[in-house]
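Asker: The whole structure should be built from the sequences, with the hints applied where relevant.
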Amino acid sequence: MPLVLRIALTHLRARTRQTLVSLLGVATGVGFSIAMAALMQGSQLDFINKIIDATPHITVKDEFRHPDEQPAARRFPDAAVAIVGAKPTEELRGIKGARRKLAILEDQPDLAVSPVLRGQVVIRYFGKDEAAAIAGIEPDRHRRVSQLAGDIREGRLDDLHAAANGLIVGDGLARKLGAKLGDTVTVSSPVGVVFKMKIVALFHTGVISLDEGEVYALLKKVQVLQDRQNVINRLYVKTGDVYGAFARARDIEARFGYLAESWDEANQDILEALQVRNVIMYTVVAAILLVAGMGIFNVVSTITFEKLRDIAILKSMGFSERDIRWIFVLQGLIAGTAGSILGWGLGFGLCRIMEGIEFKVRFATEMTQLPLYYSPWHYLIATVFAVTAAALAAFFPARRAARVDPVEIIRGAA
Amino acid sequence: MTATTHGRPLVAARGVTRILPAAVPVTLVHDIDLEVTGGEAVAVTGPSGSGKSSLLYLLGLLDRPTRGRVEVDGRDTASLSSDDLARLRLERLGFVFQFHFLLPEFSALDNLLIPMRRLARLDEDAMRARAEDLLDSLGLLSLKDKRPDQLSGGEAQRVAIARALANDPAVLLTDEPTGNLDSRNSAAVFDIFQRLARDEGRAVVVVTHDLALAARADRRVELVDGTIVSDSRQG
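So the sequence lines, in the order shown, correspond to chains A and B.
Under my numbering, the first residue of the first sequence carries the number 1, and numbering increases by one thereafter.
Under my numbering, the first residue of the second sequence carries the number 1001, and numbering increases by one thereafter.
In case anyone wonders, no lab produced these hints; they're calculated from the structure.
None of the values given here were measured: they were computed from a predicted structure.
Any given hint might turn out to be false.
Computed from the model, here is a short list of chain A residues facing chain B with C-beta under 10 Å [claimed, not checked]:
1. L3
2. A14
3. Q18
4. L20
5. F305
6. R309
7. D310
8. I313
9. L314
10. K315
11. S316
12. R322
13. R411
Glycine residues also receive a C-beta, built at the ideal position from the N, C-alpha and C atoms.
Answerer: Here you go:
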């Protein structure tokens, strides 16, 4: 064992109580840091997975990112153009050449595409009216881009084909209507078309806005219901690389001109909030570890103060300033490392305890658990932070100790 | 140490002056010329505040002169870095102070092993053997596992002497080494110093107030107000 390490360990062993207190400080910081990181990342991934599962990776809409310019403004880009009394022609909504675009996208091996017509409807059942968004889908294509088939609790996605006017309803909406599987509801569109539709399946995603506000029917039926024959206003796309969806969406948009929105762009505000939450978490963890670092500073400062004579005699023996500095920095590093190892156990224990907690969120129908994500990175980051904080905390008293003038100390003792 | 160091200058002060910078600068020693050769035990005496200890710290490279130079083994130390000075102390110099200054958490044996391990000139087994030999030569082998607080004053001071000799230094610098010892222990310690000089060819400098002990040294240097007022060989 290197000599400076041997001396550092001996100093720490001689102050067992102080050393233990500083170790516990670091362990607490590291343990809570690990537990918080597991909780934060777990909840973040859980949330993102819910978004990814419940929505397409990319949605191509019958909209444009930038409104079309007037020809006069295009012709004279640097001029002050005033257009008075312009009456834009009423453009038929929907993706033009949707089938061709669908074929182009389906030619790409890592993409699955589902054509959809979305619209608004009012659903009536036993005198109760509920507004909902209806999506006209082709079940065979849709099951490749969506978790809908997996989210169905009663009935099946293919049952849409079995009934004349089949409808798949979220369980939240069914509860609000008081309807159940097999019931027939009245569905009215804004253009005045009314269908009697049979509930052939009930789904549950866990996302309240979907469970209470979405219904699905066959694409052809919805096109009739909305009086928009052959119209498609959405292309739902699933990619092989979820986190590459943004770049892929930009490519699609550049090619087709229609707005192509990736899941992360559509939920940008939520993802930003998650990032802010992460910053807050790491700030709190840094504060905890800073306090632990101050504990180490305190211990190493005390030891250097108590050890002035030893420092003087070590220097007189031929120990260099660097040797002395290392002896005390090592004490910080040892406290930081040992505290971190204790903290791993504490952090893992806290995670297991949190994992076992079950609770019910308001409005939720089932018990839920804290989503935790176990990653060695949490342990590594907390350790690097704690050991760095400990080394820095020890460095300053160590530097002071290294600069001690042995003559002053020896004279003072004489 | 071998007899080849006998008569060779091992440590020397050449025109050394040390002034402490302050609002009113304090001169600790002034224009000191002193050469100590191998095989010689030199007693430095003088009243309190005469600069005896300051001279010892300068000779031991713990302090740097304001003017003049200190030579160790013929090597001018003025231009050496603090790391080089530390290395020279480790290899060539040994200190014994009035207080033993043993490291309290370590055993007597470990106190000897620390400077040896720092120098790392020998392997671990050889270091242990040498440390035990040194303790044995001072009658301390049975106490090798004792910590300083389990030793008497005389024992602790002898362990400090053994530690000073751990790396086989050419020069032994001692500052009031018998100041805390009774007359019997003082005489025993001084006998050790004489043996180290005469038998082993080391240069031994003993700063002391004790004129009876100083009288037993080969040479006596007297300082007054930071200046050497007499330098005489004895019996």
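Asker: Hints first: check each against the structure and report whether it holds.
Answerer: Taking the hints in turn, this is what the structure says about them:
1. Because the smallest distance between the Cβ of L3 of chain A and any Cβ of chain B comes to about 5 Å, under 10 Å, the interface hint for this residue holds.
2. Hint status for A14 of chain A: holds, given a least beta-carbon distance of 5 Å to chain B, under 10 Å.
3. Among the interface hints, the one on Q18 of chain A is violated; its C-beta lies about 14 Å from the nearest C-beta in chain B, farther than the 10 Å criterion.
4. Among the interface hints, the one on L20 of chain A is violated; its C-beta lies about 17 Å from the nearest C-beta in chain B, farther than the 10 Å criterion.
5. Taking 10 Å as the C-beta contact cut-off toward chain B, the hint placing F305 of chain A at the interface is violated, the least distance being around 15 Å.
6. The closest approach between the C-beta of R309 of chain A and any C-beta of chain B is roughly 6 Å, which is under the 10 Å cut-off, so the hint is satisfied.
7. At a threshold of 10 Å, the smallest CB-CB gap from D310 of chain A to chain B is about 5 Å, leaving the interface hint in force.
8. The interface hint given for I313 of chain A is met, as the beta carbon of that residue sits about 4 Å from the closest beta carbon of chain B, less than 10 Å.
9. For L314 of chain A, the interface hint holds, the least distance from its beta-carbon to any beta-carbon of chain B being 8 Å, beneath 10 Å.
10. Interface hint at K315 of chain A: satisfied, since its Cβ lies 7 Å from the closest Cβ of chain B, which is below the 10 Å cut-off.
11. Interface restraint check for S316 of chain A: the shortest CB-CB distance to chain B comes to about 5 Å, inside 10 Å, so the restraint holds.
12. With a cut of 10 Å, the hint placing R322 of chain A at the interface with chain B holds, because the nearest CB-to-CB distance is about 7 Å.
13. Restraint check, R411 of chain A versus chain B: the minimum CB separation of about 7 Å is within 10 Å; hint holds.
The structure does not agree with the numbered hints 3, 4 and 5 stated previously, though it agrees with the rest.
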